[in-house]
Structures are given as C-alpha cells and as structure tokens.
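> Sequence:
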Amino acid sequence: MVKASRIKIYNEHAAVGDGPVVYWMNRECRAHDNWALIHAQAEAHARKVPLIVVYNLVSGFLGGGLRQWDFKVRGLKVVSEELEKHNIPFFLVHDKSGARSVDMLTDFFTTHNASLVVTDFSPVRSMREWTEKVIKQAEMSVHVVDTHNIIPVWVASDKREFGAYTIRPKIYKLIAEYLEPFPNLHSQKEHYQIKSSIDWDALLSAKEIDQSITVCDWIEPGEQAAKKALHDFLAQRIDQYATLRNDPTERAQSNLSPYLHYGQIAPARVALAAWEASGATNITELMHEHKNAAKDNPNSFAAFLEELIVRRELADNFCYYAPEYDTSDCFPDWAQKSHQAHAKDEREYTYTKHQFEHAQTHDALWNAAQYEMVRTGKMHGYMRMYWAKKILEWTPSAEAAMKIAIYLNDKYELDGRDPNGYAGIAWSIGGVHDRAWFERPVFGQIRYMNANGCKAKFDVDAYIAANTPKLF
DNA sequence: ATCGGCTCGCGCAA
DNA sequence: TGCGCGAAGCCGAT
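The first sequence lines up with residues 1 to 472 when you count with the numbering used here.
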C-alpha cells in the first residue's frame, strides 16, 4: 500500500464514473519502483476499472535538443514495452508547439472517460503549472504522488530550508520509515478497448528537434540500462567515491544523474541497493557515518547517500518553496545585498553568451569544462562549480550570469532542466545553501573559486588535454 | 602540508 | 540572548 502522505488529493468530491484510471506519467519515466503507478493500479483494482498510462511529450522542452529528446523517447519506448508485458496500455500525446499540453491532456482524459487521474510530482515550474491547470479543468479527482523524493518534499519540511545542515536532521529522522521496498507491478486482467499505436522511429527523427545537440553514445537510456549502471557502480567504483569523487580526471562518480533526472530509476531503488551493498543493518546509522566516520577513513556509502538523498532532496525543497529558483530573486538577502554593492565593480574579462557557448574564454580550464559538457552531455560535478562561478566573474551582473549558466546547462546537459542543476547554479552564483565569505571584487561575499584550488586538487593539465578538441 | 581567519544566520540551549 | 556550526574555499603564515 502506498503511504497516504506521498499523495496529495485534489477535486476530492468529483463524481466517480466507470471509466479507466489514468496515470499521467510526467517526471518519472519508469514502469517499476514507481509509487504513482503503484497507487494508480491499486485505485483501478479497487474501482474494478482498467488502468492506462499517458505521457505528454513536448518538442524542445525547456531548451533541450536531440540529445535529451533521444534519451527520453528511447526511455519511454522501454516503459511502453514493460507496461505491455503487464497488459497496461501506454499512450502518448505529442505537443509540437509547446503551448497545447494542458488542452491535449484534458482532451485525452475526456476521450477516455477517465474516472481518476494520478500523476507524479515535480517542482519544476512548467510541470507544476500543467498540473495546476489540469486540476482546474478536470472534472475528475487528481492525485499527485511524490515518487521522486524518498521522503515526500512536503513531508520532509514545510518551508524552504536554509542549508543542508537544516534539512539533514529532518531527513535522518524519517529515512528509516520512508525508505521502504517497492511492491511488484501486477499484470492487468482487464482488456482495454482502445489500442495505442506509437511510431517510435518517426518520433526519434522528428524534424523540429534541434539536431545540433548531438546524441550521447556513452550511455544507454531506459530502466534496465539504469539498473545495470547502478550495479556496475556499486560493484566496481563506489569504494573510491569518498576520496576521488571530486577529481574530474577520475571516473569515481555514479553517472546516474541522467537516469535519476528522467525518472528511469527511482532514488529509493538506488538508496536501497547502496544500503544493501554497504552491509549496514541500520540506514539511519549508515547515513550518520557521513559525519561520524574518521577523517582518514571516510565511508563511501555514507558519502554517496549524503549526495543521493540529502543534497538531492534539498534541491527539490529549494525549487518547491522558491519558485523563482532560476533568477537572482531566489538568492538569500546577504547575497542580494552583496551583489548590489559590487554591481559596478570592474570585470577583468567579460564574455557574451555566444563566447561562453563556443568556449572562447582566455581560460583553458573553463573552456575544457564547456567542451566536456557540449561533447559528452555531462560535465563533471566538481567542474560545474568552477564553471558557474567563472560565469559570475565574467558577466556584467549576477542576473546575466544566472541566465547564461541556466541556458547552457539546460541546453547541453543530459541531466539539465532539473532541480539539482538549478540549486547547483544558485549555490555557485547566489550563495544559496551556502554561507557568506570574505569580501572580494565582483564576487562580494559569494564563495570564490579559482584555478589554483583546482591545481591543488587534481591534474588540471590532464583534464584540459582530455576534454579540449585537437585541431591538428 | 596544515591551520586559523574570513563572514552570516539558523536552530537550539538557556 | 548566546553559541556552535555550516555543500564542495581562499589566503597567508607557519
């Protein structure tokens, strides 16, 4: 049974017909380990009506191109195959204009005579706005299920958290209760009369998608591939996570963020697998090891769970309670005041959006990070901080820096358009979840980073050589 | 290599 | 009201 606190119920007293329960899949593109789908199936079973699934596909969603489209659509094809094995029909509505999604969805619910709509939760503004409009227009009840956060965002905290240290104790208190095993998806006995037919090849070659953002060939989309990547990480690389994860010349990170972003794997599935691999009996004690472990003997499992759970769920908390998450309005007061005080500081270098996008700065390290993102669709996590902070340093204002960083992140990163990205950029440029540091030009009290710090931490020349295209 | 100072504000103890 | 401490650091002194 799905915990009631994972679900928000709207239009509670709407009439109940005998049409199907519709799971409107949104953020969570997977058939397994999905509380929204599990809840929709339980509701359909209780009402003795069929369950069907619909996904709203939007061309060029939030500035993405072929890279993101290909990963998402191929992942959805896997979802449709998995659902078909369980006799659950999967439909697509395709909004090529980007403006008709809500109408197309409400038309779909009417056509199919839906008796209940279940959807999954996202704090990303466009998805929240769709959900709000659907709730307003729909004649049936709508259930919104948070199946991304292990502890639903509205349960973990009722306010915007100030930093990791304020949300951490709240998560520690609830994690043992909320990190629970998923029940299996059941095969559906009801036969649904309307057939779905999707031309996947036509979708994959849709002409309106920006072809200049190339497909990533180093990562395979879909929920089976996600589980394989998880188990490879746990079997081969997690031991080095605590010591090497911030070295961009190593491959010590999990590389799971594209799967997590598209919902092709559940954060709770990753946490359960990491917990099991650690051999620990108690998840709360294991997470405490993040702080308790001796400095010269850090616990890689605890370090990984800290990032997977505490920092990721903090990013959802940030976007949920600060809907202006992609502008400088979301910065804390001390950071906004500091930026104002330094607005007229002379910038040693300034670059345009075009120059940043084409890696045309004077700094080979910054350019290498930009190349890594444009070529592979995934800049190393440590470099993302340096990259964003230099955009602040080399633009006329924090507002301009936010716009450029988010534009590039959402256009090129496979895991772009995600709360993690918005929180990370706001941390780098606006001091969100961070503290004030000593004054310096341009940055004011925002934490400063420079190439000397990188030189002390990793082999900068090797990173530049590995990521800069060779011209001759 | 290592350490303290830089600096703001939340949350809790008192 | 005071105090401890924090998402990834920098810098200069030792």
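Derived by calculation from the structure, the hints in this document are not laboratory data.
Watch out, some of these pointers could steer you wrong.
Stated by the list, open to error - Derived lysine-lysine pairs resembling BS3-like cross-links, with alpha carbons at most 25 Å apart:
1) Lys3 x Lys159
2) Lys207 x Lys8
3) Lys85 x Lys159
4) Lys291 x Lys173
5) Lys85 x Lys227
6) Lys133 x Lys159
7) Lys8 x Lys48
8) Lys96 x Lys133
9) Lys77 x Lys228
10) Lys96 x Lys136
11) Lys48 x Lys3
12) Lys295 x Lys457
13) Lys189 x Lys48
14) Lys3 x Lys96
15) Lys96 x Lys77
16) Lys207 x Lys77
17) Lys291 x Lys85
18) Lys353 x Lys403
19) Lys195 x Lys85
20) Lys207 x Lys189
21) Lys159 x Lys173
22) Lys96 x Lys85
23) Lys159 x Lys337
24) Lys403 x Lys344
25) Lys159 x Lys96
26) Lys77 x Lys159
27) Lys291 x Lys457
28) Lys85 x Lys295
29) Lys170 x Lys291
30) Lys173 x Lys3
31) Lys77 x Lys227
Predicted model only: the values in this text are computed from it and were never measured.
> Decide if the proposed pair is consistent with the structure: Lys96 and Lys85, CA atoms, cutoff 25 Å inclusive.
violated (29 Å)
> Within a Cα-Cα threshold of 25 Å, do Lys207 and Lys189 meet the stated pairing?
With a Cα-Cα distance of about 39 Å, the restraint between Lys207 and Lys189 is violated, given a limit of 25 Å.
> Hey, Lys207 versus Lys77, does the alpha-carbon distance stay inside 25 Å?
Measuring from Cα to Cα gives roughly 19 Å; hence the hint holds.
> Measure nothing beyond the straight line between the CA atoms of Lys3 and Lys159; if it is 25 Å or shorter, mark the hint as holding.
Answer holds: Lys3 to Lys159 is near 21 Å, not above 25 Å.
> Does Lys295 sit within 25 Å of Lys85, going by the straight-line distance between their CA atoms?
Distance of about 49 Å is beyond 25 Å: violated.
> Against the 25 Å threshold, does the CA-CA distance of Lys77 and Lys159 hold or violate the hint?
Answer violated: Lys77 to Lys159 is near 37 Å, above 25 Å.
> Below or equal to 25 Å on CA atoms is what counts here, so check Lys189 against Lys48.
Holds, at roughly 10 Å.
> For the pair we were handed, Lys96 and Lys133, check the Cα-Cα distance against 25 Å.
This hinted pair holds, its Cα atoms lying about 19 Å apart.
> Quick one, are Lys159 and Lys337 close enough, alpha carbons at most 25 Å?
Holds, because 23 Å separates the two Cα atoms, which is no more than 25 Å.
> With a cut-off of 25 Å on the C-alpha distance, tell me whether Lys195 and Lys85 pass.
holds (15 Å)
> Would the pair Lys353 and Lys403 pass a check requiring their Cα atoms to be no farther apart than 25 Å?
holds (9 Å)
> With a cut-off of 25 Å on the C-alpha distance, tell me whether Lys291 and Lys85 pass.
Distance ~45 Å between Lys291 and Lys85 Cα, so the pair is violated.
Consistency note: the structure conflicts with the earlier hints numbered 2, 3, 14, 17, 20, 22, 25, 26, 28.
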